[in-house]
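Work out the full structure, taking the sequences as your base and the hints as a guide.
Number of protein chains: 2
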Amino acid sequence: MRNSIKVFAPATVANVVCGYDVLGFAVNQPGDEVIMSLTEGKGINISKITGDDGKLPLNPTKNTVSASVQHYLNHIGKPDLGVDIELHKKMPIGSGLGSSSASTVAGLFAINSLLGNLLTNKELVPFAMKGEELACGYGHADNVAPALMGGFVLIRSYQPLDIISLPFPEDMHAAIVYPEVDVPTKDARQMIRSKVLLKDAVTQWGNVAGLVSGLFMKDYDLIGRSMTDILVEPTRSILIPDFYKLRTIAMKAGAVGFGISGSGPSVFALTKDADTANKITEKLKQHLQSISINSLSFVSEVNKKGPIILD
Amino acid sequence: MRNSIKVFAPATVANVVCGYDVLGFAVNQPGDEVIMSLTEGKGINISKITGDDGKLPLNPTKNTVSASVQHYLNHIGKPDLGVDIELHKKMPIGSGLGSSSASTVAGLFAINSLLGNLLTNKELVPFAMKGEELACGYGHADNVAPALMGGFVLIRSYQPLDIISLPFPEDMHAAIVYPEVDVPTKDARQMIRSKVLLKDAVTQWGNVAGLVSGLFMKDYDLIGRSMTDILVEPTRSILIPDFYKLRTIAMKAGAVGFGISGSGPSVFALTKDADTANKITEKLKQHLQSISINSLSFVSEVNKKGPIILD
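These protein sequence lines map, in sequence, to chains D and G. When we follow our numbering, the leftmost residue of the first sequence carries the number 401, and every step to the right adds one. When we follow our numbering, the leftmost residue of the second sequence carries the number 401, and every step to the right adds one.
Everything labelled a hint here was simulated from the structure, so no lab data went into it. Nothing here was measured: the structure is a model prediction, and the numbers come from that model. Please note that the accuracy of each hint is not assured.
Same chains, same names: a pair is fine if it fits in one copy or spans any two.
List of simulated lysine-lysine pairs, DSS-like, C-alpha gap at most 27 angstroms [said to hold, decoys possible]:
| hint | residue 1 | residue 2 |
| --- | --- | --- |
| 1 | K599 | K522 |
| 2 | K530 | K705 |
| 3 | K530 | K599 |
| 4 | K683 | K530 |
| 5 | K406 | K679 |
| 6 | K462 | K522 |
| 7 | K704 | K618 |
| 8 | K704 | K522 |
| 9 | K490 | K595 |
Printed below as a string of C-alpha cells:
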C-alpha cells in the first residue's frame, strides 16, 4: 500500500432550486485538493493550507478535513494513526458551491484510499456530514453526498440516512457564476422561515417530484419547468445582486433552469451543452461587471465520478 | 357515430401516503358506470341514479357528472346538446376512493367518446376538476387525473396544470379496505393544519422524491421506505378506527407500504402480487370485524387504462 496520495474532490450544487436539503449534484470544476501522507508520528497534523487567505484553522480539532478524518479513524479503530494533511483550496470559500464539503470529501477519500478502501464512498457520507456540522452548524448531506458519489443525488431521509443516485441526461452541463459578495451559510440558513404554508409545501414537492421525474425521463423541458422554488429562493435571492435579472439573462440565453447554488451567492444554470453554458457564464459575468461586482465562473458537465486520485 | 354508450371509470387512491395533492393511482375495481345517450331534446337530463342510497342530486346543475359534462359542452361550443345520463354507483360514496371522481370521469369519457374524441383523456382533466370542486369544495386533480389516464400520475403543478404519467412495477397490486365509518372529504381537509414546519416539509419532499424514484427504478424497497407521511396522516388517521393496528397487520402480512387512501376512511396497501394483497384484505377485514366495524375490500392491479367502454 502507498504512503502518500493526492486527491481532488469536486464542488457541488445543493438544492437544485426546488430540492432544499434533499438534492444536489457534483461538477468537474472547481474543487479542492488534499495531499495526505501516513507518518510515524501519533495523530493528525495539518502541515499546510493554501488558497484560503488564512481563513481556515490549522488546529486539527477545528479543521473540518482533519475532524472528519479523525471520526473515520476512530470508527475503524485506529484513532492515533499518524497522518499529515496538506489542503490546497482551489475554490472560493463561502461561495455556496460546497467548499467545505469538497475539502472534507477529499480528505476522507484520501485516508480511505491510503488504508485500502475499507468503506465505499457512500459509506463515507456520514463522516463527511460531521465535517459539515463543524463548518455550517448543521450536518446536511446535499453537498457531501454528491461530492462523494458524483452525479445527481437524492437524500431521501436523514434519519436513517438514505441516499439515492439519480440518473441525468448525458450531455447536461452546469454554468456557475460566483459573484464576489459575502453570504455566510449560517446566516443564509437563519433567514429562512421555520414555518411554511402547507399549500406552498405542496407546490414545492410537486416540483421536486417533477425534477426527479425529468431526470429519469431525460426530459429537459420537465426538468426546467420543475426548477422553481417558492419557499427558500424569495428570501435567499435578496442577498444576491440583481438575482432576477441574472435569471432572465440566463433563461434568454438558453438555460434549462436557473437558481441559487446552495445558500448562495453563487448562481447556476443547467444547460443542454457546453456552448450554451459558456455563453451564459459570459453574459452573467458581463452583467455583474456592469454593476461593479467581480465574479468567477465555471462551466462543467455533471461530474460522473466523485473524488479522484491525482497522484 | 353511436348515439349511446356505457362507460366504466375506476376508483383511485390519491396522495399515496407522502404525495398529498400531487400523487394518485387508479385501480381496476371498484368503479362507477355511466350510460349516456344523445337525445333530440335540449340540455342535460339525469334520468336515473342507482347505488347512491338517494345521496346524489338529480338536478343537472348540482350533480358533478352533469355539471362537468356541461363544462365540456360549453367548451366545444355545443352548450344545448341533448344528453341523457344514467349513473350507476358501484362504489361507496365518501370512502376516500375517488367516488365522485369515478362518476365524473365516466361521464366525461362518455360524452367525449360519443362526440368522436375531440379531446384526449389528459385534456379532460380540467373539466373533471370542475366536478371535484362541486363535490369537495376544492378542485384537486389527484383522483381525476389517474382515473382518466390510468396508472400512477404526478400533478407537478396546478397553475398551470402539469400532469406526468409515472411508470410502476408491472406486478404491483393494491389491497384496499373501506371501513364503513363516515369521514366527509370536506371535514377531513379542514382538520389539516394550514402551516407546517419547514423541516417536516423537507422530510415529506424527500419521501415524495424517493417514491417517484422507486417507481422509475421499480424498486419496491425504496417505494416502501418512502411511503411515510408525517404531515397529514397523523391528523387524518384519528378518524380511522385502529389505523396503526391496521398498518402493523398489513406490513406483517407483506405489504410494501400502507396508508390512508385520499382523505379516508379507506386504507390501502401496495403489494408485489395478488396473493399478498388478498391475504392483507382478509386480515384487515377480520380485525375490523373484531372491533364491530363492517368493511368492504377490493384487490386490484394498478389500472393501466383509465376509463373503458363497456357497451
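Okay, the hints, checked on the actual structure:
1. K599 <-> K522: Close across copies (24 angstroms), not inside one copy (34 angstroms); limit 27 angstroms.
2. K530 <-> K705: For K530 and K705, the Cα distance is within 27 angstroms only inside one copy (22 angstroms; across copies 49 angstroms).
3. K530 <-> K599: Between copies only: 19 angstroms across, 34 angstroms inside.
4. K683 <-> K530: Neither way: K683 and K530 sit 38 angstroms apart in one copy and 45 angstroms across, limit 27 angstroms.
5. K406 <-> K679: Close neither inside one copy (33 angstroms) nor across copies (57 angstroms); limit 27 angstroms.
6. K462 <-> K522: Cα proximity of K462 and K522: one copy only (24 angstroms, versus 57 angstroms across).
7. K704 <-> K618: both (16 angstroms within a copy, 23 angstroms between copies)
8. K704 <-> K522: within (14 angstroms within a copy, 37 angstroms between copies)
9. K490 <-> K595: Close neither inside one copy (37 angstroms) nor across copies (42 angstroms); limit 27 angstroms.
The structure shown violates the earlier hints numbered 4, 5, 9.
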